[in-house]
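Those protein sequences? They're chains G and B, same order as listed. If you read the first sequence in the numbering used here, its first letter stands for residue 1, the second for the next number, and so on. If you read the second sequence in the numbering used here, its first letter stands for residue 1, the second for the next number, and so on.
Keep in mind the hints are simulated off the structure, nothing from the lab. None of the values given here were measured: they were computed from a predicted structure. Just to be clear, a hint being listed does not mean it is correct.
Derived contacts from chain B toward chain G, CB cut-off under 7 Å, selection only [unchecked claim]: (1) A98; (2) N124; (3) M130; (4) G162.
C-beta atoms are modelled at their ideal positions from N, C-alpha and C, and glycine is treated no differently.
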Amino acid sequence: MSVLVVSEHDNAELKPATLHTVTAAQQMAGGAEIHVLVAGHGCQAVAEAAAQVSGVAKVLLADAAYYEHRQAEDVAPLIVELARNYSHVLAAATTSGKNIMPRAAALLDVQQVSDISGVEAADTFVRPIYAGNAMMTVKSSDPIKLITVRITSFDPAPAEGGSAPVETISATAESDLSKYLGAQLTESERPELTGAKIVISGGRGMQSGENFAMLERIADKLGAAVGASRAAVDAGFVPNDYQVGQTGKVVAPELYIAVGISGAIQHLAGMKDSKVIVAINKDEDAPIFQVADYGLVADLFQAVPELEQELG
Amino acid sequence: MKVLVPIKRVIDANVKVRVKADKTGVELTNVKMAMNPFCEIAVEEAMRLKEAGTASEVIAVSAGTAQAQETLRTALAMGADRGILIQSDVALEPLAIAKLLKEVAGREGAELIILGKQAIDGDNNQTGQMLAALLGWSQGTFISKLAVGDGSAQVTREVDGGLENVELKMPAVVTVDLRLNEPRYASLPNIMKAKKKPIDTLTPEDLGVDVTPRLEVVQVVEPPARKAGVKVASVAELVDKLRNEAKVI
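Same shape as in the complex, but just chain G:
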């Protein structure tokens, strides 16, 4: 049976999270076809992009005004309707996937497997628990597997090279349970936090939101994204979508620079799979140094401007 990937998009663009999810799907498909669901409104371009993804055999396009913001109450019934034709249904473990998939799973009477970081077999998956302090392998006995995927654990499938047909499917009925009112999205020219090759994050040690400008200047020199610890978000220095950690975003860039971050367990959970970790902190006993490849014990208000200069 084929595997269905629920795509992540904003009606205009297919998000990279989908590419990582396709790779996870391939690992459990056993050679079976991979189909991608694009549910949205005015999202033809997304379907066409999904059709280009290497390894995708078919794109299902469901267009309805009430799919525009992909609310769980409307999209979950669509997944339920389709799921019976598939062995697995996957979505990225983003806020969208986390919102929609458990609702679909419950309607299908399936115990979802959340945030998998590895595939052992078609029914056996590895996932972090306790903020990544333990790795659990579970075997699912449900006839359909519903899964969310930790995107940093799977390489992206090539965005080009495929030429899958796009099949328009009918929408399920409108639920009328919730109404989207609007959003305040963070506008940034910098790369997305979860996909950036370099991330520079600030913690409580930054002392104010204004001081994050220092990190932003370095980010612009390195083509990096800017992140933050929970403490910095709770203190109101930066918006919630900057948060890296167990309950925020999980990142695994080539280089992660932690500035003024002590390294609480829940923060480490979101970044310890980064390839190279740099920590700048004036407290030499800060736990962040235990995971850092390069640690610099220094006052960040001296070290960060110096770093900016050194980078030229």
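Here the structure of chain G is known, so what remains is to put chain B in place on it, guided by the hints.
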């Protein structure tokens, strides 16, 4: 309006968890347990609704072993009116918990259910969404703001790109994120008072729910450890290492 607040007993957030040598799970013996931090935020939000006169009664409910009573007492000390323990020695999965909670919500005639967005043990982030699905109710997940009106509630959700505002038709299930509120500490008089508040005990059988696990735990192991790093003496040395040793900039 009756508000139901499902809560979970977990290893205290400040405890470093240890994997058991036989790889069957993590060590729970003699480990400090506490209410899941997100559940504290859920209880706090319910109490604020009660204090504002929006909620008529706040009922805390927990599914788990007999010890989950302690966690219910904490919720009662924070101000919840009464508790319900769904006692089971089976390791309950989110789907099973959602089914149990659905039955309790029906019995109690709850109109709003407030839960933590995830528990810091299993990190599943499923129960609230599953409960909303089984009840056929609206769901507001990962909320940082809640305003309950007449027949509807407005929520602000923390999403990957920023914040999203949604109007939910009541009854509703909401799951709370960190920024919703700052939970109160229970005062000593309230801890004493909580001892006299009622806790009903039910079983999955009483509620007619099959809680047989769907997932078999094959093993639980430590994550791969990171290699010890080095301390650098200066910013210049750091940049040199990043350029020439790690080759990441």
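Hints, one by one, checked against the model:
no.	hint	in the structure
1	A98	6 Å, holds
2	N124	5 Å, holds
3	M130	4 Å, holds
4	G162	4 Å, holds
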